[in-house]
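Student: First to last, the protein sequences are chains D and H.
The working numbering numbers the first residue of the first sequence as 1 and each following residue consecutively.
The working numbering numbers the first residue of the second sequence as 1001 and each following residue consecutively.
Possibly wrong hints are sitting among the right ones.
What the hints assert, rightly or not - List time: in silico DMTMM-like cross-link candidates among lysine to aspartate or glutamate, alpha-carbon distance up to 25 Å:
1) D:LYS332 with H:GLU1087
2) H:LYS1173 with H:ASP1054
3) D:LYS19 with H:ASP1054
4) H:LYS1225 with H:ASP1213
5) D:LYS332 with H:ASP1213
6) D:LYS19 with H:GLU1087
7) D:LYS19 with H:ASP1213
Claimed, not checked - Here are the simulated distance ranges between beta carbons:
8) H:ASP1054 with D:THR410: 24 to 32 Å
9) D:ARG335 with H:LEU1277: 37 to 45 Å
10) D:ILE289 with H:SER1070: 39 to 47 Å
Calculated from the structure, these hints are not laboratory results.
Cβ atoms here follow ideal geometry from the backbone N, Cα and C, with glycine treated the same way.
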Amino acid sequence: MGRLIVMAAKDLRLLSRDKFSLFWVLVFPLLMALFFGAIFSSEGADVARLNIAAVNESGTAAAAGLIEQLEKSSALSVRRMPRDSAEALVAAGRLVAYVAIGEPQKGTHTMGPWEPPSIEIGIDPARKAEAGYLQGLVTEAYFTRLQSTMTNAAQSRQWIHTGLAGLDSARSLPGKQRQVLKDLLVALDNYNMTFDSGSQKGPSPFADLNIRMTQITGRAEYPHSSFEITFPQALLWGLLGVTFAFAHSIVGERTVGTWLRLRVAPVSRAQILAGKALASFVACVTVSIFLMLVGRVLFGVRLTNLLGLAVAIVSCGVCFSGLVMLISVLGKTERSVAGAGWGILLVMSMIGGGMIPLMVMPSWMLALSNFSPVKWGILSLEGAIWRGFSLTHMMLPAGILLAVGVIAFTAGASILSRADG
Amino acid sequence: MIQADNLRKRYGALTAVDGISFEVRSGETFGLLGPNGAGKTTTLNLLVGTLTPDGGSVSINGETDPTNASVRQQIGYAPQAIALYGELTAEENLTFLGRLYGLSARQLRERARQALDLTGLSDRRQDRVRTFSGGMKRRLNLACALIHDPPVLLLDEPTVGVDPQSRNLIFDKIEWLRQQGRTIVYTTHYIEEAQRLCDRVAIMDHGRILALDTVGRLIEQHGGKSVIEAELQEAPADPAGLPGVIEGARFRLETDRPLEELARLAGLGLRFRTLRLDQADLEVVFLNLTGRRLRD
Chain D
1 MGRLIVMAAK DLRLLSRDKF SLFWVLVFPL LMALFFGAIF SSEGADVARL NIAAVNESGT
61 AAAAGLIEQL EKSSALSVRR MPRDSAEALV AAGRLVAYVA IGEPQKGTHT MGPWEPPSIE
121 IGIDPARKAE AGYLQGLVTE AYFTRLQSTM TNAAQSRQWI HTGLAGLDSA RSLPGKQRQV
181 LKDLLVALDN YNMTFDSGSQ KGPSPFADLN IRMTQITGRA EYPHSSFEIT FPQALLWGLL
241 GVTFAFAHSI VGERTVGTWL RLRVAPVSRA QILAGKALAS FVACVTVSIF LMLVGRVLFG
301 VRLTNLLGLA VAIVSCGVCF SGLVMLISVL GKTERSVAGA GWGILLVMSM IGGGMIPLMV
361 MPSWMLALSN FSPVKWGILS LEGAIWRGFS LTHMMLPAGI LLAVGVIAFT AGASILSRAD
421 G
Chain H
1001 MIQADNLRKR YGALTAVDGI SFEVRSGETF GLLGPNGAGK TTTLNLLVGT LTPDGGSVSI
1061 NGETDPTNAS VRQQIGYAPQ AIALYGELTA EENLTFLGRL YGLSARQLRE RARQALDLTG
1121 LSDRRQDRVR TFSGGMKRRL NLACALIHDP PVLLLDEPTV GVDPQSRNLI FDKIEWLRQQ
1181 GRTIVYTTHY IEEAQRLCDR VAIMDHGRIL ALDTVGRLIE QHGGKSVIEA ELQEAPADPA
1241 GLPGVIEGAR FRLETDRPLE ELARLAGLGL RFRTLRLDQA DLEVVFLNLT GRRLRD
């Protein structure tokens, strides 16, 4: 055991002095987590805003009010312009869409300010998702504007009077219906008159909708921030960095000759390999703890299941320590191992969720990801962070990681033994 | 001390070691001399158990399994490649290896100091090895083989690629180690190293031992005659009574014992204006045994 620790300590010391490897093991994953976490973060990000043009073709105060309401939306970036410019910019792809507000539709009944304006959304038909989203935002703006008007007693009364006048001239409306509407507006007007006319404020039947927000903390199946997705990904990148660094160091020992010196020493080949595995395992666990601590302390990544997280980290460490051994025998020179190693590790990462989060993967890719230990590593970490995995749930990813680690180590050690003659 | 019996090792179609047998006696410096690819390094690897022989056996101090930890503990091995960790300091390299050999902290400090002193690297003990010159790395490579104070040293071409200063230092230290009673197996393709350092030399080629004996006997048996060429101060009055060929004042003699012959000629009253002695060496021995030069 003592010799095992001596060899592991030597490898860790060498790793700590290799600035290039340290960058890939610690700095690069952290940068990945921060960069993509910041990009995908919903807090203060402008990337979700739709760039649209607003065209006021009616010139009415109601249309202007609606455009003002659209401009207040945090989901929209609105530029006012004439229809020609708006159409040109949308056609050129520089704006997502335009919203043109025209005269109220001339119908048989005129309700004055309550009469909905004519709204046209100009958008590329291929942008189905944005079209639906924009439609919702415009509808929201219209009703928000209407609500705002109704909660202002003075303005509401003015609109009621205009509406009453409009009803008088709406001859096409059946008399009975016209009378009911007039009664409704008069009743509303009377109600508004009960307010303190000076303040123009007071309780109103159209007061703000009171929406109560309740946090449900018992279920944690969704990430609370983008960092809860990017930190598990980054951790796996760190483990890939460790795997590469140690695989490279093993083949380096063989080409430089220190491997021979180790084999001449009074230690068995099994002890040498175990020493390497121990060093890479310690490095994996250290990197994992470091990144998780940074995520927890600086970015609020929840660690909802500490025991599960420990299981995940240990499983990942075993898995990638085993892969170290297998990758180190993919070639006989450092260059060949570097090429083959990065190739395999990158593919593992690509299909395993190291680049595209598992939760947004298409189904075919999710099926393919089952063949990558990166997927099971991320899944186990996410299970401990936000997926709410119990230890029973954790058994599948952890078991797969442990199995991959043991098989890869055995295969690598066997190939290495044969290569040593 | 070390016994190799009919050792064989093949790599596919290539026979690297082809049934060699030899014995290395306790306290002697035994040379394996041969060109690159002769099988010297493979032989060392078979001796130390890092390669498994296809046939034959090895015995070190009566122990037939060289992978046994007690056998490894007795062997110090300096590989031909500079087998050091460049990002560790000289002292860290030594202490790491020393720990593998089970040295205590006090022993480590003492042995590392001795090994560094012996190889002239004490003032660079805290420097990382990657900053060392080739000669310094070679010396540290040797120091690493000495860290656990082994009675047996296997030195595989320990002076390849070093500057003359480091080479001389390494020679001096190996001679000192020989005087201390270490058993040394020394591989080289340099004639002068084998002649200077080795008590006995096995000449290897194509995985076989062509001849094995002391340097003097090898030359005597396989080197051919030495040639004495001289210009005499005056032509002898009776050339027929003298050995060799005499043409006027020019003298030429082929002999197995050049020094004895020179003494005899001086006793006969010959006086030399110039004298040249072409004495056979291991290069000639190798040439005579294989039909080609050692460095062809």
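Student: Which of the listed hints are broken here?
Tutor: As far as the earlier hints go, 2, 3, 5, 7, 9 are violated by this structure, in ascending order.
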